[in-house]
Structure formats: C-alpha cells, structure tokens
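Residue numbers (this note's numbering), protein chains in the order written: chain A, 56 to 833; chain B, 143 to 363; chain C, 1091 to 1175; chain D, 1091 to 1175.
No wet-lab data here; the hints were simulated from the structure. Where a beta carbon is used, it is the ideal one built from N, C-alpha and C, also for glycine.
Some but not every residue of chain A turned toward chain D, in silico, with C-beta under 8 Å:
# : residue
1 : 149
2 : 262
3 : 263
4 : 300
5 : 302
6 : 303
7 : 356
8 : 370
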Amino acid sequence: MEKKHILLGLTDDEFDLVKEKLGREPNDLELAMYSVMWSEHCSYKSSRIHLGRLPSESPRVLVGPGENAGVIDVGDNIAIAIRIESHNHPSAVEPYQGAATGAGGIIRDIFTMGARPIALMDPLFTGFPEKPHNAYLLDGIVKGISGYGNSVGVPTVGGNLVFDACYNQNPLVNVFCLGILPKDRLVLGRASGVGNLVVLLGSSTGRDGIGGVSILASAAFGDEEGADGNASQSASKRPSVQVGDPYEEKRLIEASLALLDAHLVVAIQDLGGAGLACATSELAARGRVAMDVYLSEIPLREADMTPPEIMTSESQERMLAIVKPDDFESVQKICQKLEVQASVIGRIVPDNADCLSQLRILSESGGKVLADMPAATLADEAPKYNRKITPPQPLGELQDLISPTSRSADNHSTDSRHSHEINGNDAVLKLLFDPSFVYEQYDHQLFTNTICGPGEADAAVLKLSTPDIAFTGKALALSSDANPNYCAINPRLGTAITVAESALNVACTGAEPIGLVNCLNFGNPEHGEVMWQLSESIDGMSEACKQLDIPVVGGNVSLYNASEGKDILPTPVVAVVGLIENIDKQPPVIGLTPGETLILLGTTEQNLCGSAAARLYENSSPSPHACTLPHLDMNFHKRLIGFITELVGSQIGGSKNILKELPGVAGDLVTHIHDVSFGGIALALCEMAIKSQCGAEITGINTTADLFSESPSRVIVCTKFPEILTALAERHGIPAQIIGSTGGKKLQINNLLDLDVSDISYKSRMYLPTYLEVTDRE
Amino acid sequence: MDPIIKIVTFPGTNCEYDVLKQLNFLGADAELIWHQESDLGSCSGIVLPGGFAHGDYLRPGAIARFSPIMEQVIKFAESGGPVIGICNGFQVLTECGLLPGALSKNDRMRFICKTVSCVVKTSGSVLTSAAVAGQTLHLPINHGEGNYVCDEETLKYLRENNLAVLTYTEDVNGSVEQIAGISNKAGNVVGLMPHPERATDPLLGSTDGQVLLRSFIEASK
Amino acid sequence: MEYKVQVIVKPLDAIANPEGKAVERALAALSFDRVTKVRAGKVINFTLEADHPEKARSITEEICQKLLVNPVMEYSEIQISQSGN
Amino acid sequence: MEYKVQVIVKPLDAIANPEGKAVERALAALSFDRVTKVRAGKVINFTLEADHPEKARSITEEICQKLLVNPVMEYSEIQISQSGN
Ligand SMILES: Nc1ncnc2c1ncn2[C@@H]1O[C@H](COP(=O)(O)OP(=O)(O)O)[C@@H](O)[C@H]1O
Ligand SMILES: [Mg+2]
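Chain A with its partners taken away, still in its complex shape:
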C-alpha cells in the first residue's frame, strides 16, 4: 500500500520538509492540511519564483498581487478590484458546476476586498464543437456561467471563445471579475486582535470537492472512522463535485458589504481552494496572530464528516471574518436580516512565547487539540521549485524578441507560407463564427452600466458606478485576450503581443490602460519544455507591461493541463482594464456606415506565421519556432495606443481635445473602429460588415498575406473625413492608408475575396447553434 502522503499528493521530500517544519511527524489532520495547502493550485510551487518578474507597481496601484484581488485607484476616492481565475479541471468533470463555481469563486475574491462585483468576463477554450463531447462541455460551461452569473446578479460583459483540438479533454474556463469600492471600504485578509472571534459566514460545510483527503477516512487505512463498512457510505466519500448556489452567494455579497459598511469586521477572507485550511492559515499568517478553531462549531451538512474532511472541504459560498466580540451581536443582526448563517468557529489567541502564529484545530472550545501548526508553514512556506527549463531543440535562429527599434523595410519577414494555398472566401467561411450565441445567454446589462456590451466594441465599456457610488462621468473598458497559436511558436513574443492586443482593445474605446491581471494556463510543469514556455511567457508579459506602463496586479496559474496525453498549447490569458476620464456618448462601435471611407492605421507585415488562416492548411499544431512571428514594435505600439485613446477619448467627451484643432469636422471623426487580430484584416472587415449589414469595396489590400496576416498594432477606422484623419494620424507618427469604401451588400476585396454580407452573417450565426443545440456527454 502506498504511503499516505503520496496518496495525498506530497512527495517524500515534501513530507520530510513537513516533519522538519513541525519538528515531528504530522498527524492525519495536519497531513491533510499540508497536502492541500502545498498543492500546486494553492502554493504556486512551480511558478512562484518566476512570477516575481512581473511589474506590479504604478502610482494607481493600492494592492498588488498576493491578496485576494488587485486594487487600483481610479480617483475621487474610488478604487476597482480585479482578479482572474481558472476552473479548468472541475469543468472537465462537470462542465455546468465547474464553470458555475469558477464564477462564484472569483466573485468572492472581489467582494472580500470590500468591492461590489459589477462585471465578469469568461475566456473559454475548448476543442472544436463539431466533436459532440466538446459541444457538451462548451454548452455545459456556458450554461454554468449563465446560471450562476445571472442569478448571483453580476453581469458577464465579455470573454473569449477559442477552439483548438489541444483542449479536447481539458477545456479552459477562466473567469475574470471586476468590482468597485469606496477606497475607505478596502479591507485586507489579515487577522488581528487577541480575543477577536473567527466567524464563518454562509453555507454549511459538506463533502464538496474533497480530493485525496477522503482516503484518510477510507477503509484502506482501517482507522477509527472507517469502521462502518457500509457500501453506500464509502461511495459517498469519493471525491465529490462542488455545487454552486448563486442565491447563497448573492446574500453573502450583500451581507459582507453591509458588514464592511458598518465597520463590523476586522478582516475578511473568502473560502476557495483548500477551504478552511486555507482561509484560517492565511488570515493568521498574514496578520501574524495565533488562531484556535473549534470543529464542533462548524455547521455541517453531513453529520459524520471527519476533521480532515471538514478542514479541506471546498463547499462553496462561505466567508471567514474576524469580528470583535462586542460587535458580534450587530453582525448577527445583519446576517439574520439577509438570511446568512453566521457562526463563531474560533478565536484569535495570545501567541505562545516560543511558537508564533500557531494555528490550532480543537475538537471544541477547551477540547482536544487535533492539530497544531505554525500558520505560515501552511500558507507561505510550501517548497518553491526551480523546475528544470528545457528550451525546445533545436532552437534555431533566436528571434529578435521584442524589438523596440522602429520597423524598417528589411525587417519585414515575408513568411507567406500557405499564401498560395489559401482561398480567401473559403478561409473566411471556415474561421468566422458569431459568439453571440454564447453571450446572449448572459445578463450583460445589470446595473444599467453597460455602454458597450459583448460584441459591440473591442472592449466592454461600463459606467463607473454601483448602487452606492454615483456615476460621475467616468467609465471603465475591459478586454480579455489570448493567442495560443502565437504563444506556441514563441511564448515570449506571443505573450507580449497578447498584452499589446488587449491594451489596444481598450484604447479603441477611448480608454487608457491602467491595470492587468493574467491567468497562465499551461501543461505539466515537470516537463522542461512547459517550464520554458511558462518562463518565457512571463518574460514577454513583463517586458510588454513595463513598456506600456501597465501594472500586473494579480493573476492565477493553472498547470497540468493536458489532453490525450499531450500538454495544451501555452495559453496565457490577460485581461486589461482601461479608464475613460469622461464619457458623454457611446464610443464608436464595430460596424460600417455606408458611403464612408475605411482607413488602416499601422502597417501590415506580410507574414502568416501563426495566423489562423495558415493554421487551416497545416496538419500539425504550431510548435516552437516553427516560423518567425511578426514583429512587435513596442515604441510604435505605445504611440498607437496613445493616439487612439486620445482620438476616441476626445470624441466621446474627453478633455484633451485633439479634435478642436480640426475645422471642418461636423459630427464624429471616427464612425466605427475595430482592431485587427484573429483572422487578420479579412475577419476584422467581415465582423464590421456583419454588425451593420453593410458591404465594402476594398482596393488597398493586394495579397493574401496582407489580408490574413495577424501582425500586431493595427486598427481599421470607418470615417466620413478620410483626409483629415490620415493627416492627423501622420502628424502623430501613425501610418494611415485608405483601403476602400463602404456600401452595398457585398464585401469585396480586390480579387481575393467576394462574399455576400447576408451569407457570411448567416454562416457565422449558425455555427454554434448547429453543434450546441443538441449535446450529449458521449
């Protein structure tokens, strides 16, 4: 029989380290708590040493990485809290509940900080829905986000939907949440004050999401608990799925915010992965205080739970608060009104002279001590691994990573592999799909803040306001982005380009990027090549964020993602938040207005390396340095972002009015705007055409490589004033080229593409329902 710690997922070395930290053998309960706290998911043991390289500071940052969420100052004594998290593996087992509890978990991270959650985004990655199992997963995931998000009352305003066979068995479900708080409501998860009460709020604790820990109670160990031998009981001890209850969470949000407003809690922390083990040890460790927890006081859903099960249960919709004894009655009153259960389950106790900040688990107050560990050894002292990094062989010619130098003509690599094979019409019809089938299942308008919802503009745009914070003219723009194809070929540059795209997306709505969170979805960290991808990706993100002055205020790492025995493509996801200082009308949206002119800002590199169109004609997955990605010129990109932010920002109400200098502009200079990314100019134009049911005739794009290149730093603008706009752009050092004019019912691009707008609309709209309206688990 295998050793307990191995079954619980700890290595022999890790087990030795536990013994060293404790100065003795851990008992079962302690072992269970170390095993969950030292898991990859909770301890970031493989990634932590790399994450430190990300820039996390700016004058606006109030709370950086390390807390439950990052907090950024947006002026007027208001701050925003943002965070993103993955729920990949639970979603593979039970897509509805996996996605639902993913949304629930990230929402708790936000209101833990004192912020009212007001927006979600859900970057999703699955295999192609043509395969029934993928359709089943995607449908379940979308219904889970919809079921939970809508009911808990947090609108889902954006997201992504990416298909690749590498996600067949391992869908990625990332969920981002944004909240708004008055700066003085900010609280941190730090326990303090000897004598203060530890109060558990919300749901009862059941056997949800208990992983390997249940084996401690299994018959195999023949110990005290496992004696009943009842078959149905042992079946019920199997690891079980977490079920979300959005109604409980909704009441928990209201109760937590009410408690914070009334200044009734000293500290508060959500319960997520590793349940009470995590929340108690983190609260104690961060606050450097000792804590006693009384198991008898924890409301249980099932009477016969063992101590390890109770302490590691991942039952959803629970929070842990530190409350002064005198305030508990008031806490009870608020909780009773809002129908939230509140139980005192422990106390902050005086430090023992020689062992500081002990976390003790007692059977009951004054009862038997079942576990006794320094809190920090659980929360902070998991081993950190500097895992082996193996660059792929042969690395070939190392690509100039991020070139800050401006582009010169000979910099243009002309990788037009496949360009002779690509049929424009055919490629477009294969690549286009309309995600509205997904986001129409999400409430994206709650709080009447949504100025641009999903699908309308390059970023979602929300009024900066909540039920308790009045709108003052400011708005937020949100975009989430990923580019696994690019990251597979060159994780460093690919990630930098992902950051660049996300920042440009918010700029297209007139916002200045002010913060970023990321979710690093990678394969098995014990594979040297995966660690290389991870490390490179972090460097690419770091460089891009430094150059664009965007602080990384939080993130999440999900490793061991693999399907059919193969690691997934490296999938770093970023979400950028932008701030619009003043808005009094809707930003230009994706679309076309007949009778106007289309202008391309930025230059196209004729390079199909890593592009979606080229991928259609390749049989294998993109591999490291299979070809050379398009360049990213950061100086230029930064200039482009600045220009677009000002151009759009001043049109929608900004003060820095670059439009003032422009006589002869009656009305909007920019009627529509869309960045060029997935599918290149071809897909950007199709999306614009479909949105307005208006055609265009493009004469300025001459080659397939131009049409499908996904080189960064480009934007298409629709305008009534082409001369004025091109002159203005050029004055700001932005190349601007007139590429065609709008009107009619066809999208025609020289001899490269010729399609009816109604046809592409129909095809793209039908893609998802065709496969998702009928789904089975297979």
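Starting from the known structure of chain A, arrange chains B, C and D with the ligands on it as the hints suggest.
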C-alpha cells in the same frame, strides 16, 4: 402626502437599484422596501423588480409570494393601486394570482439577454397609458423563464378584454401569442418580461423604456 | 413517525414542455429514434414527521398545493413510505 | 412493443442540493417545520418502442448514461411498464 413608489426587494432580487435609479432619473420619488415588511407605509405605486427572488428555485416567484409584504401588495392592487412586475416581478404576480397564467422555461431552454421589438397593444393600463397602441418599442429582455402559458379559457379572457398589453414582434421564447406583458382587467396591475429600466438612459442606447416608466409614474401620482 | 415522501411534479398535458422537447431532440440526434413523447418534470424527496400515514399524506397534499405545484402548468403524484429508522 | 418509461434523476447524497435547501427553508417559513432532508431532482417520462422489456431497460440505461445522468453527481431510478395501448 407626496407620491412615493415602493420597490419591493426579496433576497435574490437584483434589479431594484436599476429601477430606483431610472425612476429617479425620470423625476419620480421612489424607495426600496424589504420583503419582510408588513406595512407599505406611504405608497402610491409598487414595482416588483427583476432578479432571482429566492434564487428562482422551484419556480420563479413560487417562494416570494409568501413574503409578508405580498399580502400588502395584494391589498394595494385590489384597491386599485398601480402595481407593475418586471421580469421576475411578473413571475411573482402570476404565482400570487394577481395576474392569470404562468411563465415557463423559454422554449429553447436557454437564458436570453438581448434587445427585442415589442408592440404596445393597448394604452389601457398603468404601464402603457402614455404610449400609443401600435407603437413599436425596442426593449431589452433578460430571462430564462419568460415563456407565457395559460389555458384556452384564460387566453380567451385575455383576448376579449384586450389584456395582452405588450407583444413581441417575433417569437422569442415560445410565449403564447408572443405575449410579452399582460394586465389585469382593471389595468392597474401589469406584468412584463422586458426591462424598461434598461432602456431609459440615452448613454446606454435605447430610451424606448421611458414611455412605459412615465406612464407608471403618472399613474402613481 | 417518520415518513419518506416523494413528490413527482409533472407538466400538464396541455402545456408545452420545452425541456422534454429538448431531450427528445438530443435523443434523436443520438439515434435514439424510437423514443417519443418525452416530458420532463421534477422530483422532490423529503422526510416528514407525522402521527400516521393519512396525516403525512394530507400534509404533503397541502405542501404541494401551497408551494410545490403551480396548477396552471403542473400536477403532482405523491408517494409515501414509512422511513426505515 | 411500446413501453412507458420513467427515469428519476436524483443528486448523490454527498452533493449539495441548493434547490432542496431553498424549498426546505420556504417550508419552514410556512410552518411546515416537520419536513427535513429536502432534495430536488428531475423526472423524465417517455415512450419507447422496443422488442422486449429487457431491451427497453438496456436502451433506457444507455440513454441515462449518455444523456440524462452525470454519474459524478447524480444517479437514476428507472421504471418501465408496458404501455396501455
Ligand atoms: N465566452 C464569452 N463570453 C462573453 N462574451 C464573449 C465570449 N466570447 C466572445 N465574447 C464577446 O464576443 C466579442 C468577440 O470576441 P472575440 O472575437 O474574442 O474578440 P476580439 O476582437 O477581442 O478577439 C467580444 O465582444 C467578446 O467580449
Ligand atoms: Mg478585439
């Protein structure tokens, strides 16, 4: 006595502040009232707003109808006071019997959030008095269970009395006769699935919901 | 006495049943084409303390009528058995 | 042969059941306080054409496994009877 509109809030309700904000924006006095209250206080009109009262478990509105405040709401409605139920509020109104029929799951079994076209069928209700019969409005819908069902007899009753005050211009969720909203015979109790409060602020696009909220504010004076 | 109660809530025949239709479509797509007339409803199980079986039934009927069933679109079937313990 | 099939899908014991919890609270508030352990699931009824009862059962089991039941959180009870007509 100043006219005050009461917006009933159940645990799980989530559109109460949106309704409050937009009623204020249109110049009305309004305030929230918690479902456990058993006294309406000074009240000239009642809104049951959208959301997921009691999580919408079992059936939307099924549990909410037993809240203490509902007895008062029913009395107020029976005495002719203006009462509107938006989305989840409509579901509560049918569950508690103030309006006939029921709202079942959307026929495609999916939640729908989008803007749809509706036609005002009659101006004979507190929600449509300022509108013109035949007028088309673009209104956001946001529901998983908005598929209006009723038996033949009820349908006949609705038709004969012209009580389907608002209908969709196309089939969006399977509702019989594309019903989006109905009123009682007196016209003082109206339930509708679309969210007029989401189409009131010009910065958010459509302002077609204003005419409905204005009618209601007028009736609540 | 403790009773185990099972209430099955089914859609009335005259009322459309989208959930059943969706299941039927899915089954047809999976080539289970000999399945027809699919109707979906819900089941609620609970434990009830009552003095005798008739009492348990009448309480359950009251519960159905007040809460579990909306007679506009549903009806219920009740099963009551004495609890094992 | 035509068979009437009823499949009851219930949550596994260890799995949280928010709907049951909400119903239990509502019943308590309505003074039905002798009701406990409320769990909600679903029921699916359909008609199945099969050669003999065993076949009907095996098809139904396959349907449960493929579509109606996710075994990580649910289990099913199947009842099959010969159709009246
Ligand atoms: N899973 C999703 N949830 C919500 N909105 C989505 C989702 N997937 C895509 N969208 C929305 O659809 C639109 C198009 O998505 P996408 O093509 O990924 O955007 P981008 O132009 O940034 O690449 C965006 O507005 C996006 O927010
Ligand atoms: Mg974009």
